[in-house]
Amino acid sequence: MKKSRSIRLALLGSATMVLAACGEDDQVPKDAKFFSDVKDCAGVYSESVCLDAKTQSERDYLAQAPRFSRKEECEKEFGAGNCETPQASTVSSGGTGFFMPMMMGYMLGNMMGGNRFNAPVYRGVDNSAVMARNGKFLNVGSFAGAGASSATAFRPATQVTPVSRSGFGSKAASYRSSSGS
Amino acid sequence: MATPRPDWREHVERDLGFVFHTIDGAPYWDETAFYRFTAAEVDEIEAATAEVEQMALALVAQVVKTGEEAYERLRIPRAAWDAIQGSWQAGEKNLYGRFDFCYGGEGPPRLLEYNADTPTALFEAAVVQWDWLEAVSPGHDQFNSIHERLIDAWRKFGLGRERLYFSSVKDHAEDGGTIEYLRDTAVQAGLVTERIDIEDIGWNGRDFVDLGNRRIGALFKLYPWEWLVTEEFGAPLLSGVTKVIEPAWKMVLSNKAALALLWEMAPDHPNLLPASLEPGGIEGKRVRKPIYSREGSNVQVLEAGGGVITETSGAYGAEGFVYQAFTPMPEFDGNYPVIGSWVVASEPAGMGIREDSTAITRDTSRFIPHYFE
Numbered sequence: 001m002k003k004s005r006s007i008r009l010a011l012l013g014s015a016t017m018v019l020a021a022c023g024e025d026d027q028v029p030k031d032a033k034f035f036s037d038v039k040d041c042a043g044v045y046s047e048s049v050c051l052d053a054k055t056q057s058e059r060d061y062l063a064q065a066p067r068f069s070r071k072e073e074c075e076k077e078f079g080a081g082n083c084e085t086p087q088a089s090t091v092s093s094g095g096t097g098f099f100m101p102m103m104m105g106y107m108l109g110n111m112m113g114g115n116r117f118n119a120p121v122y123r124g125v126d127n128s129a130v131m132a133r134n135g136k137f138l139n140v141g142s143f144a145g146a147g148a149s150s151a152t153a154f155r156p157a158t159q160v161t162p163v164s165r166s167g168f169g170s171k172a173a174s175y176r177s178s179s180g181s
Numbered sequence: 182m183a184t185p186r187p188d189w190r191e192h193v194e195r196d197l198g199f200v201f202h203t204i205d206g207a208p209y210w211d212e213t214a215f216y217r218f219t220a221a222e223v224d225e226i227e228a229a230t231a232e233v234e235q236m237a238l239a240l241v242a243q244v245v246k247t248g249e250e251a252y253e254r255l256r257i258p259r260a261a262w263d264a265i266q267g268s269w270q271a272g273e274k275n276l277y278g279r280f281d282f283c284y285g286g287e288g289p290p291r292l293l294e295y296n297a298d299t300p301t302a303l304f305e306a307a308v309v310q311w312d313w314l315e316a317v318s319p320g321h322d323q324f325n326s327i328h329e330r331l332i333d334a335w336r337k338f339g340l341g342r343e344r345l346y347f348s349s350v351k352d353h354a355e356d357g358g359t360i361e362y363l364r365d366t367a368v369q370a371g372l373v374t375e376r377i378d379i380e381d382i383g384w385n386g387r388d389f390v391d392l393g394n395r396r397i398g399a400l401f402k403l404y405p406w407e408w409l410v411t412e413e414f415g416a417p418l419l420s421g422v423t424k425v426i427e428p429a430w431k432m433v434l435s436n437k438a439a440l441a442l443l444w445e446m447a448p449d450h451p452n453l454l455p456a457s458l459e460p461g462g463i464e465g466k467r468v469r470k471p472i473y474s475r476e477g478s479n480v481q482v483l484e485a486g487g488g489v490i491t492e493t494s495g496a497y498g499a500e501g502f503v504y505q506a507f508t509p510m511p512e513f514d515g516n517y518p519v520i521g522s523w524v525v526a527s528e529p530a531g532m533g534i535r536e537d538s539t540a541i542t543r544d545t546s547r548f549i550p551h552y553f554e
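From first to last, the protein sequence lines are chains A and B.
Sequence positions in the first sequence follow our numbering and run 1 to 181.
Sequence positions in the second sequence follow our numbering and run 182 to 554.
These aren't lab readings, by the way, just hints derived from the structure by calculation.
Warning: the hint list may mix true and false statements.
Claimed, not checked - To give a feel for the contact side, a few chain A residues facing chain B, derived at Cβ under 10 Å:
| id | residue |
| --- | --- |
| 1 | Ser6 |
| 2 | Leu9 |
| 3 | Gly81 |
| 4 | Val125 |
What the hints assert, rightly or not - Think about it this way: if two alpha-carbon atoms lie no more than 16 Å apart in a straight line, the pair counts; the simulated EDC-like pairs of lysine to aspartate or glutamate are:
| id | chain 1 | residue 1 | chain 2 | residue 2 |
| --- | --- | --- | --- | --- |
| 5 | B | Lys351 | B | Asp333 |
| 6 | B | Lys274 | B | Asp322 |
| 7 | A | Lys2 | B | Glu528 |
| 8 | A | Lys2 | B | Glu484 |
| 9 | A | Lys171 | B | Glu315 |
| 10 | B | Lys466 | B | Glu445 |
| 11 | A | Lys2 | B | Asp352 |
| 12 | A | Lys39 | A | Asp52 |
| 13 | B | Lys337 | B | Asp322 |
| 14 | B | Lys424 | B | Glu225 |
| 15 | A | Lys171 | B | Glu361 |
| 16 | A | Lys2 | B | Glu380 |
| 17 | A | Lys171 | B | Asp263 |
All values reported here derive from a predicted model rather than from experimental measurement.
Beta carbons: idealized from backbone N, C-alpha and C, even for Gly.
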């Protein structure tokens, strides 16, 4: 026999991980800080701002966090032990038969123009702190250890040197065609 | 002719995640027909694939050994020579490639070209036609163990827990679908994967980085090497700071001048067509192809006297041309099929058939499933 015995897809098709597109730009405000709960946050912002950000981030988490039909697929993206099944009471639609990364807290900061910025933060591979933004995962920092999630255990990512981008892709743009053949 | 499954669109989108079945409003995946082969025919294609792949690898060894003169004939920029030699001598593994054969069941399969660096139509061949056969005629066999072989091949790359970034151009459904499928097979092989658009790759002066400024240590790029090396970040990429798949030595094979060098190395081989870099090097009716081109652009069919019989448009050809003896394409009901025969880790793995209503296969061709008995 020359054909595959069976084919299973981990990412594509009905098992596809759903990334929410939020349609905003990729920017994370420079003053954005990680908070694990309102108590952490209340030393920096007022308690009502902290509570609003937490509530909004939790809502975003349930609506937009990546979902996986199998635990191992989720753990491939986010690391062993970092995925869970949400409780039925917290999910409004789609049932609970899937796995999501764990929300460890939220980023809160100020956008240009004065609006607040907030977003849920997940634990990723190697205790990294991961935030989804515009369909992409951003590494916003790291946690000090496996059990650690408080604001004091959080280390923001340091940008080594200014990063330039768009150094690849110009040829494809000039030909306006597929790169494949 | 065949009756398509009534719900095929919904099925392939929902269950397989196959979204580029229709391109610019025209059908691409086409199950109103299929090709039926005999086992002997499939064996012949498989054997030809193995044979030509071995010749191709021998050519890379010869080019690396010859050096400057060979690279210049292949129009490979000087900046890339060291990376080609280094990756070949280090034994860097390759994942895949697709040979396009002209084959109608009479006479041996003849190599039209080798898509060694950025072959596509992979997901269709590996998964969609397999799924089609399981639905319509599961008792039949198909030359297609691409999926299993890809998963197996990933395990042998020695990447460990290194994150492997899959990259292609932004906003291109077909390339994006191919990348996502390859990533799927890598995940199943236990690799840690990420996805990044090629335009989003960052360079911080020391490393390539992702949008979170994490180092990119390994990159699978569905983007031609010959473009990468001429772009802004080409120099650091060639320095070897990131492991790249396909490896740099695939540049030797991903340009059509290699067809002429293959013919010089193995003249009169039954699976090759006469090919030359000289306009007068091929007698009789011939096809002129740009050394670097994609999707059938800028191809001319020339008569013995040199007059143009047909040609396709495009923006390629600046690096020169290769001339290949014309071979009539087999015709079935006014359609011209090309056999896309896959190698995974340099082993024959399966095939996909693309069909066009003209004798030059372009990106508007349709993918037709097959089986054999």
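Hints and how they fare:
1. A cut of 10 Å between beta carbons decides the hint on Ser6 of chain A: the least distance to chain B is about 9 Å, and the hint holds.
2. With its C-beta approaching chain B no nearer than about 5 Å, Leu9 of chain A sits inside the 10 Å limit, and its interface hint holds.
3. Hint status for Gly81 of chain A: violated, given a least beta-carbon distance of 15 Å to chain B, over 10 Å.
4. This hint holds: Val125 of chain A has a C-beta 7 Å from the nearest C-beta of chain B, less than the 10 Å allowed.
5. A C-alpha spacing of about 28 Å is found between Lys351 of chain B and Asp333 of chain B, which places the hinted pair above 16 Å, so the restraint is violated.
6. For the proposed pair Lys274 of chain B and Asp322 of chain B, the alpha carbon gap of about 30 Å is over 16 Å, so the pair is violated.
7. With a CA separation close to 13 Å, the supplied pair Lys2 of chain A and Glu528 of chain B stays within the 16 Å bound.
8. At roughly 40 Å between alpha-carbon atoms, Lys2 of chain A and Glu484 of chain B are farther apart than 16 Å, so this suggested pair is violated.
9. Straight-line distance between C-alpha atoms of Lys171 of chain A and Glu315 of chain B comes to about 40 Å, which puts the hinted pair past the 16 Å bound.
10. At most 16 Å may separate the alpha-carbon atoms for a hinted pair to count; Lys466 of chain B and Glu445 of chain B exceed this at roughly 19 Å.
11. The straight-line distance between the Cα atoms of Lys2 of chain A and Asp352 of chain B is roughly 35 Å, outside the 16 Å bound, and the hint therefore fails.
12. With a C-alpha separation of about 13 Å, the suggested pairing of Lys39 of chain A with Asp52 of chain A holds against the 16 Å cut-off.
13. The hinted pair formed by Lys337 of chain B and Asp322 of chain B fails the criterion: a straight-line CA distance of about 27 Å is larger than 16 Å.
14. Between the alpha carbons of Lys424 of chain B and Glu225 of chain B the distance comes to roughly 35 Å, so the proposed pair goes past 16 Å and is violated.
15. A distance of roughly 22 Å separates the Cα atoms of Lys171 of chain A and Glu361 of chain B; the hinted pair therefore is violated under the 16 Å criterion.
16. For the suggested pair Lys2 of chain A and Glu380 of chain B, the alpha carbons sit about 39 Å apart, so the restraint of at most 16 Å is broken.
17. Restraint check for Lys171 of chain A and Asp263 of chain B: the C-alpha separation of about 23 Å exceeds 16 Å, so the hint is violated.
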